[in-house]
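Trainee: Listed here are the chains, written in short residue letters.
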Amino acid sequence: AQKVTQAQTEISVVEKEDVTLDCVYETRDTTYYLFWYKQPPSGELVFLIRRNSFDEQNEISGRYSWNFQKSTSSFNFTITASQVVDSAVYFCALSEARRGDYKLSFGAGTTVTVRA
Amino acid sequence: GAGVSQSPSNKVTEKGKDVELRCDPISGHTALYWYRQSLGQGLEFLIYFQGNSAPDKSGLPSDRFSAERTGGSVSTLTIQRTQQEDSAVYLCASSSGQGGNTIYFGEGSWLTVV
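Quick mapping for you: the protein sequence lines, in order, are chains A and B.
The numbering used here numbers the first residue of the first sequence as 40 and each following residue consecutively.
The numbering used here numbers the first residue of the second sequence as 152 and each following residue consecutively.
Check each hint, because a few of them may be wrong.
Restraint ranges, calculated between C-beta atoms of paired labels, are given here [stated by the list, open to error]: (1) B:Ser204 - A:Phe93: 25 to 33 Å; (2) B:Gly179 - A:Thr48: 32 to 40 Å; (3) B:Arg232 - A:Glu56: 45 to 53 Å; (4) A:Gly139 - B:Arg215: 26 to 34 Å; (5) B:Pro159 - A:Asn91: 48 to 56 Å; (6) B:Ala153 - A:Thr44: 19 to 27 Å; (7) A:Thr69 - B:Ser209: 19 to 27 Å; (8) A:Asn106 - B:Gly167: 27 to 35 Å; (9) A:Ile99 - B:Gln231: 47 to 55 Å; (10) A:Asp57 - B:Asp214: 45 to 53 Å; (11) A:Leu87 - B:Asn203: 29 to 37 Å; (12) B:Gly223 - A:Phe93: 29 to 37 Å; (13) A:Ala155 - B:Thr227: 39 to 47 Å; (14) B:Thr227 - A:Leu87: 26 to 34 Å.
Calculated from the structure, these hints are not laboratory results.
Note that the structure is a prediction, hence the values are computed from the model and not measured.
Glycine is no exception: its CB is placed at the ideal position from the N, C-alpha and C atoms.
Produce the entire structure from the sequences given, and follow the hints as far as they go.
Mentor: Put into structure tokens, the structure is as follows:
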């Protein structure tokens, strides 16, 4: 069963528009961790944020913000005032504590294209 | 270096040949992971190391794939008798091994089997 679902395959916006990426996860664990990674055209996976299951506080980092809602099992990511450099594939991932290895289960990714 | 280092960056090999991909994790990181990303596909888990042990090899796609880690540091992923479907980016990642700690990725090794 898919643990992480990113329903949006591709999103295209014009510069300065806001864009929200959806992420829905599935787990039976009470302790788990959620991540977002960015993969620019160069290919490297760049860590953006980690959130544990006990911390539902939303977070803002510059133009990036994250909304974690346990009630809906969602961990959505918003880029405010998008820029061309934000063009990349964005992955949401889940790590479950009971596994012991904390390996990441990734969603399929959302390709974001920001046009000038 | 400060990050996860992988080599080679790019490898083109003929079908049937063996290849070795190397990963040098962040210093002090006890957990090491290999993932594979095929063209147009998602990120597929291959194997996990804690120290030199591999408690989870569940993602290795066939017995042509193997990996080892020595000295709790460098890891080598070996693909024997490569097939065209092995063409992918092989990503290595490491973490401190503590629950929920960030997993950092290398830039990947792009493998093309012709």
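Trainee: I'd like to know which numbered hints this structure contradicts. Please list them from smallest to largest.
Mentor: Hint check: 5, 6 and 8 fail, others pass.
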